[in-house]
Amino acid sequence: MNHLPLLASTLFYFLSCCSAVVSFRSGEFRAGRFNVITIALGVIAQSCFLIQQGKIDQACPIRTLPEIIIFLSWAIGVFYLVIGTTYRISLMGTFTAPLILGLQSMALLLPAEKITSMMPMNPWIEAHAAVSLVAFGAFGLGSISGIMFLFQERQLKSQHPDPIFHHLPPIRILEEATIRLLWMGLILLTVSFAAGWIGSRSISGTKFGVSLLLWGAYSLILILNQKNRLSGHRFAFFAIFIFFCALMILPLIRYLSDLAVR
Amino acid sequence: MNIFCAGLNYKTTSLEIRERLAVSDDEMEKLLRQIHSIEGVFGAVVLSTCNRVEFYASTLCPLQALGGCRSILQEQTGMDIPLYHYSTPDAVRHLFRVASGLDSMVIGETEIFGQVKNAYSFSAKRDMTTHTLHRLFQHTFRVTKHVRTETNITRGASSVGSVAVQLAEKIFGKLEQCRVMILGAGEISERTARSLQSRGVRSLIVSNRHYDKAVALAAEMGGMALHFDHWDKNILDVDIIISATGAPHAILTVEKLKPLLKQRQGRPLFIIDLAVPRDAEPSINKMEGVFLYDIDSLQKIASESIEVRRQEVVRCESLIEENVREFLRCMKNKTLFQQAH
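In order, the protein sequence lines correspond to chains A and B.
The first sequence begins at 1 in my numbering and counts up one residue at a time.
The second sequence begins at 1001 in my numbering and counts up one residue at a time.
Hints are not guaranteed to be accurate.
What the hints assert, rightly or not - Simulated pairs of lysine-lysine, PhoX-like, Cα-Cα distance not exceeding 25 Å: (1) LYS1262(B) <-> LYS157(A); (2) LYS1300(B) <-> LYS1233(B); (3) LYS157(A) <-> LYS1332(B).
Unchecked claim - Some chain A residues flagged as far from chain B (calculated, every beta-carbon gap over 10 Å): (4) ILE56; (5) PRO170; (6) ALA194; (7) GLY232.
Source of the hints: derived by calculation from the structure; they are not laboratory data.
As the structure is a computational prediction, the values presented were derived from the model and not from experiment.
By construction, the Cβ of each residue, glycine as well, lies at the ideal position given by its N, Cα and C atoms.
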């Protein structure tokens, strides 16, 4: 693994985080271009790494756990650049950068053992894995807007809002952004399941069960929200909770998947 | 060429005199032509708001322009009104300060920027400006935007009504679709409701113990009157409640709201409690989807915003000073260029 582009992207995300911390501490919170630029540079550096790694692997660069994590954080970064900026919620970058930095640091620290090298090439399976990760990118950004929702709601409830309150979007917009991102993620996840089914590889029952559970959990909260059975507060909480559960069980799924291949 | 400014404002003149100087568009044109016809004045802009009347002119002789302005105002009001007056560079600095809201009654208010823009375009449309005034006003618009984005001078809201609007916008986003219920047809609730209406609220319900008062206020504000006994039945449809009744005990309680909130299906409810003693139990703020603000919390936010704005004045002044220097440098370069050619 050539770490140079990866280190560069980590540095850009680190700079983005630093600017967020400085803004918070100074109390003069202002969503500037710096966040967007540093995250864009981080995404470019990650793209360079993934292209390079793809050429080496002769496949989609998601063959080791660090690669998967980098691909996931890249997807979150791309979603932020596409959605976060167009919804005039560029402040989302301040919340997104720490998550990506955390994931990226984890990827750098984990051993890059290529467990799947013995797998024969199957484009459907590769598509299944790549689209799933992009879907989780959308879920990741959905959890970020959920965090922003809870944060802004807390500000409103406190009756004494901090300076950041003026720069955060209305809670209704944040709720809408979370809903759209989760729908997008769910559709992509469904597409990835279809690709996996067409690829028809042997798949562990546990992996299938866990994936279905996540799919079901996201579907459930979206349907409940659609039917006005879930308040904005609870919806945001579950969007965050499910994503962090998924992050924690991602290595487990990977392990079980490799075990099934072996 | 000198830039000259003369005028009066809320600091120097009483409201009675300012009222006498209030002009319609036709009268404004006449006034503008009078200023323009003063000997030595090449171009003029008249800024007339409820808080100030100011004349900006490009002239070779500021003293002559001042004398002309005085006699025009004397003719109009029948009295000798003291005017403050500045010429370059103080006139430039003054205009930058005025347009940025630093000279306003409420520091940092943004309405003045639109009024300065309108005053300039009124004059420009009638071909009564000069190149110097054009450059001055264009520079002013840039400086004002710069001051607004680089400092916190416009941050926050400075009155109870505007704080309520700001909070409502942070909950619902755009307010066009929001429905408001007023409980208690008093002056403060009316003012707050008007602030919300100015930001797009269309649907309004007024409920009062004396039904005739509710009917009168509803008619005045384009809303609907409701008997006080039925207000709680309509709570399901409203998004914002402005409560200012004279009730000696809380009328918005957890017991009353709990079953109603279930039926609201998670939609947020913003309660603005302006009554003393309070109409809403403080504990309702803990309920999911309910945001409660009483008069104290609203006033606290407003006074904090004013304090933040006051602290920002120093930064604004230094930005303005930089821009005054830059503007004068540009004007000097242009004069040198014209002399060379």
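Point to revise | Distance rule for PRO170(A), whose beta carbon must clear each one in chain B by more than 10 Å | key: Check fails; 4 Å does not lie beyond 10 Å.
**Study point:** Satisfaction of hint between LYS1332(B) and LYS157(A), Cα-Cα up to 25 Å
**Key:** 55 Å, violated
Practice item. With a cut-off of 25 Å on the C-alpha distance, tell me whether LYS1262(B) and LYS157(A) pass. Key: Holds. LYS1262(B) to LYS157(A) sits at ~19 Å (cutoff 25 Å).
Practice item. Please work out if LYS1300(B) and LYS1233(B) have their alpha carbons no farther apart than 25 Å. Key: Violated, at roughly 32 Å.
Exercise for review: Decide, holds or violated, for the assertion that all CB atoms of chain B are farther than 10 Å from the CB of ALA194(A).
Suggested key: Holds: least Cβ distance 33 Å, greater than 10 Å.
Review point. Hey, does ILE56(A) actually stay past 10 Å from chain B on C-beta?
Key: Holds: least Cβ distance 46 Å, greater than 10 Å.
Point to revise | Beyond 10 Å from every chain B Cβ - status for GLY232(A) | key: 6 Å, violated
Comparing the model with each numbered hint stated earlier shows that hints 2, 3, 5, 7 do not hold.
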